[in-house]
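Protein chains: 4
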Amino acid sequence: MASRLLFCAAALALASGAGAAATGARASGAPLVRGVARRLAARMAAPGAAGKTVRVGVVGASGYTGAELVRLLLSHPQAEIAFLSAERSAGKPYAEVYPQFAHVKALPNLVKLEDASYDGVDVVFACLPHAMSHKLVASVPARCKVVDLSADFRLADIPTYEKWYNVPHGAPELQPEAVYGLCELNRAKVATARIVANPGCYPTAAQLPLAPLLSQRLILKEGIIIDAKSGATGAGRAPKEGTLFCEVADGLAPYGIASHRHLPEIEQGLSLAAGEPVMCTFTPHLMPMSRGIEETIYVRTAPGVRAAQLKAALQAQYANDEFVAILDGGAVPATRHVRGSNLCTINVFDDRIDGQAIIISCIDNLVKGASGQAIQNMNIACGLPEHLGLRGAPVFP
Amino acid sequence: MASRLLFCAAALALASGAGAAATGARASGAPLVRGVARRLAARMAAPGAAGKTVRVGVVGASGYTGAELVRLLLSHPQAEIAFLSAERSAGKPYAEVYPQFAHVKALPNLVKLEDASYDGVDVVFACLPHAMSHKLVASVPARCKVVDLSADFRLADIPTYEKWYNVPHGAPELQPEAVYGLCELNRAKVATARIVANPGCYPTAAQLPLAPLLSQRLILKEGIIIDAKSGATGAGRAPKEGTLFCEVADGLAPYGIASHRHLPEIEQGLSLAAGEPVMCTFTPHLMPMSRGIEETIYVRTAPGVRAAQLKAALQAQYANDEFVAILDGGAVPATRHVRGSNLCTINVFDDRIDGQAIIISCIDNLVKGASGQAIQNMNIACGLPEHLGLRGAPVFP
Amino acid sequence: MASRLLFCAAALALASGAGAAATGARASGAPLVRGVARRLAARMAAPGAAGKTVRVGVVGASGYTGAELVRLLLSHPQAEIAFLSAERSAGKPYAEVYPQFAHVKALPNLVKLEDASYDGVDVVFACLPHAMSHKLVASVPARCKVVDLSADFRLADIPTYEKWYNVPHGAPELQPEAVYGLCELNRAKVATARIVANPGCYPTAAQLPLAPLLSQRLILKEGIIIDAKSGATGAGRAPKEGTLFCEVADGLAPYGIASHRHLPEIEQGLSLAAGEPVMCTFTPHLMPMSRGIEETIYVRTAPGVRAAQLKAALQAQYANDEFVAILDGGAVPATRHVRGSNLCTINVFDDRIDGQAIIISCIDNLVKGASGQAIQNMNIACGLPEHLGLRGAPVFP
Amino acid sequence: MASRLLFCAAALALASGAGAAATGARASGAPLVRGVARRLAARMAAPGAAGKTVRVGVVGASGYTGAELVRLLLSHPQAEIAFLSAERSAGKPYAEVYPQFAHVKALPNLVKLEDASYDGVDVVFACLPHAMSHKLVASVPARCKVVDLSADFRLADIPTYEKWYNVPHGAPELQPEAVYGLCELNRAKVATARIVANPGCYPTAAQLPLAPLLSQRLILKEGIIIDAKSGATGAGRAPKEGTLFCEVADGLAPYGIASHRHLPEIEQGLSLAAGEPVMCTFTPHLMPMSRGIEETIYVRTAPGVRAAQLKAALQAQYANDEFVAILDGGAVPATRHVRGSNLCTINVFDDRIDGQAIIISCIDNLVKGASGQAIQNMNIACGLPEHLGLRGAPVFP
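Chains as they are written, first to last, in the UniProt record's numbering: chain V, 1 to 397; chain G, 1 to 397; chain S, 1 to 397; chain C, 1 to 397.
Note that these hints are calculated values from the structure, not bench results.
Heads up, a few of these hints could be off.
The list makes no distinction among identical chains, and a pair is therefore deemed to hold if it is satisfied within one copy or across any two copies.
The list that follows gives simulated cross-link-like pairs (lysine-lysine, BS3-like), each with its CA atoms no further than 30 Å apart [as the list claims (entries may be wrong)]:
hint: 1; residue 1: K105; residue 2: K240
hint: 2; residue 1: K221; residue 2: K163
hint: 3; residue 1: K52; residue 2: K112
hint: 4; residue 1: K105; residue 2: K52
hint: 5; residue 1: K135; residue 2: K163
hint: 6; residue 1: K240; residue 2: K92
The structure presented is a predicted model; accordingly, all values stated were derived computationally and were not measured.
With these hints in hand, go ahead and build the complete structure from the sequences.
This is the structure in structure tokens:
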């Protein structure tokens, strides 16, 4: 409980904007640009980091988030893949598991984790199922930084973790050390962290708009409803009847109603931002698409507050963040317009009913909702420009 | 205004269940069954209607709802297509416009409306864009019944229509005569109606669960939020950039936020049920699928009321309705499981937050949300068993 | 070998058209019509069969072909489901496995095969994986007819079966009794068969156009190339990485190049029709869609023969077959226009290169390519009108 | 005719491999790699080009190929967008037309072509419909290079163009100057070209495997059959009924049978390679997916030649080409594994029938089939490393 309160205080500071200035490691707020000149300049602006190459290992590389990490790292100018591990596929060329990399000559073969060497490795990305990361992270040499893409270190409160995930926490001694890696709102802490708990996909799309608004008391903490829709990559690559093509195509349905494990993570973030406990309603839906999360969020506004003010607050909050775009005018965020990119697009609309507003938030669940944000965290934690390897424009159509 | 109050009173009676017994024209509540014996028996149970063939004309047959009417009518044992009209495609065989009917020898060619003959026609289905049905309906001979699939006669209050659709009402003198054809809740009135306003797709999926609960005061009239998702058939067949394959596939986005024209229709129905004005929040989303509407509806319950009671009330309400299925246990309605059928599947879930519940409602927008319900209305209005031609099971996968 | 030659002789007779008149059990060639009057008349026209109800058991009902059988049987006026068996799901209500049947009250629960009773069962549909049907069929009481949807009895030549399926044939004594159920070309034999080997999906779409043309020597037996595309239902419901939504969506690839197990089945049929051995090239492709098979078939024509003659021959061949439609003019068959129906649509086109033609053939793999044809076979074998339960129009869009 | 023979001679030289060494402008055959060190080294290896920024204008930027050019150019380290023109959307921010660029601050607004300035522009990409590029290209200042993505300059023989496109050639005087930009096979000529005719999507996927095999006489020139499948982006963004979501989803069909306009382009390339006229069979199919072309190509091999030899020849041909990958072993090319990338993946398989082989070739139609190859042509023509801006890995899933 004590740790939670501490975490709260720090986060509140962050959420109110103070954190934004607290780290020199981030890019100087440049929007996505093109042209090698600006890029080189940007690199130079990262003191001490220019030219440095970060060597990374990916544990659990056979899943979709592993493949997406590899895709993004291949265009990262200062990262190098040291090893890719996977248990069942160990020994195979990575391209046998993910044929889209057939043309890439330099990728290492998959190895069992026990055969992977941490020698010279700076950062480990853990892409394991929940309840398996605790043990892994505990085994990583102390000089390696870890970005954990599972849920294992996301919940600061250990009993909450154990209740929702229905397993004992496997590394309670490390939990206080873990920093919640919602980059834009927790940059300062990530910059010095050794263990970064990479946020869940749904929580990322929810907290980016909601946390600043709660922190600034522009919306009420009661009655927040998050209606979320996700592409099927969110369900992973393990074969299951429910994610077969014929079971997902041309149809949709909610799942995990009032019981999805991202709920406590969302509520943790919103509570931190609000400075008091927040409960919310969250309904995920499985969509007939591969990538993307869209959240339609219904909020009650503080007395007299209209959508325009909510939007202005978000614009101010993210003015220097190139991966969070508050859309102009009445433009409606759509998942297809962030596909393949590290962007979160947001807009805010008045409801017809006074005191209510509707926020739309979109991300690519595999990028900003997983591997992209993981690399963003790596960049921050390693003192690299935050955007490195992440400026690829969305792939549409 | 007077007419609206009258309508209210009648509807309240219906919504409270009294209406269910008020008509002899409906099937005796048999669930979907198979076997010719039961079918024949069911037909016999419709007094005076056995053997009678209803001749129908379809105006605006070149759109998706027209095609779906034709598909359903082809397996209707007591219906016969007299004419199919369309302006731009007049003169063409129907199979040239909809090649899925290439094997059907007996379909009439498309004709211009002015060349269609109402001789011997019992029922006209109007599948025109809004603002065009008024004039058509006014021109149909008085002895023909009309089922209008447009929005033109759905709103009892003419100024409301004119405000939301931004055109003058073209046949105000006929409006009082129009009956809102939400079959399960308005059966008695439909049975004697000449003009049936076939409900919109979104409003059908919303009102079926919400109207009885409001009428029985099991939920509050405040704070109803309908997060709706629809397949692309809802946007029709007219070529538009926004509904091209590449603009819809692998992505989704809300549209018409707080401004969709189905809002006043939903609110009309909910207000009638509640006996007092109801405003609600409604957000439609365009899905990467062809058919189906799913609505995730967030409601505040009356003090002490839990999901189980809401569900019990709906089970009682629809016990004898074969096209509304309240699912057992925690089964989650999914659009793919109603695809191609006239079903509405519903279930109710407790939220984690006291006083809130979540209702899931699914239909096929082209069937129960349009052409299927239109035929159901025809059956009722013509004294046929309500289910005729509508018992096709969902097409999944 | 003897049995094969015999089979050949019979099939040649059939393919040349003699068979079409050989059975009185089939409908009198009526196209799909609507209206109860005609339907009732059609029923009456089936001597001895009117009113008779066929009781069926479905073994292996948990797969997609099982579910499609159930869907079609529910609208079959003279069929009744006696039992549905499945091993792993035994004990469950069918609607728990296929929620689209949640509204159907009268379906029996799934049982283990050992608990199914054949009492009063007229027809057994076997929907098991290959190599499992032999044993099942051998165990069915002799008074039951069997329609086997697996490949187990399709190949008359046992060594060919054993080579391609790489297992011993489990019931060689029954093989001579099995009739290949390509309805339109083998109707007379099916009418008296006890064991019907229901054709494979790809072979159905290939043989319907090719067999008559080979038999009439309008095309050469050399150089036939079948480029086939199938929806993912063809791969079944067992969870496999390769048929996950994200692995199938927005992409396509061939598989089983020059090695697919439907090859010997196609070649058997073409050889029978040609009266001499035919080898062909066959390349299946997995498509990002649920249902449908399209085959683009490249043939070399007999000297001087053009597409128009091929087409005329097919029109003559299928003039009285309501489920095979040779399209008019230059209309191009498309899978979406047969979706959910028992139709095979075909057209023939001249290539720019002399002596070559292109045939397009489309079916719904789950209907005409599996469960629909199985019911058609049941109808024929039981002396019912061939079309019963199968006249549902395609579901498009 | 003279020009055609000349072109032939040059192309034959190229196709036989001589061309590969003829240009110093291409990258030294490095596979796709990551790491800034190698990248910088690669840049330095391009004599005279290091640091140089190419300014480009995109004419017809409102179509899908325009958007894809912008996406790729944004990550091109030595390119800068000078203007984006479009007629109907002139005056709009580009992000209003393509919202995926909402976060990119530096893009110019769309202008009418007449308002675009060629000042300082090095390269013009023409993304106009066919028959409109002739005039445009004629109007571009002589010092600008042009990469024309239309069909207008692809056919060296003007009567062939006029016959297949059914319009007069609008700039016959420029045709001899145009170089057919199939990069890997025509690099030397592209290096010095002012007008590059960017190849069509289908022809690219067909010629890359077929041209070297024909040139080396490993396959016969008779009997080549190309069964091609394309995503819907190939049909462009202009609203048409046939490319609406509901008309494309869950189905497929061939189109343009024996009459598609890419046929003469394919035959031109194959004839050049073979040194004598080649006719082939080509059937495109519209797929329910956004991106990707797969071609299943049936060829007759020279006596005694097997798939392994065809494959070896292709491996040798493309050993130094990083964007053409001949897959290892029996790996089957799939469109999803090239999605978003500039790759062409190819493999070759023996048929069961002697003397026949099957070649599978996949590209992303918008990248290697259009905008990616256009940029590759720009790089070659401007003396930049060929891979600049084109090494993004495929986006899968």
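**OP:** Hint by hint, work out which the structure violates, then give me just those numbers in ascending order.
**Re:** The structure conflicts with no hint, since it agrees with every one listed earlier.
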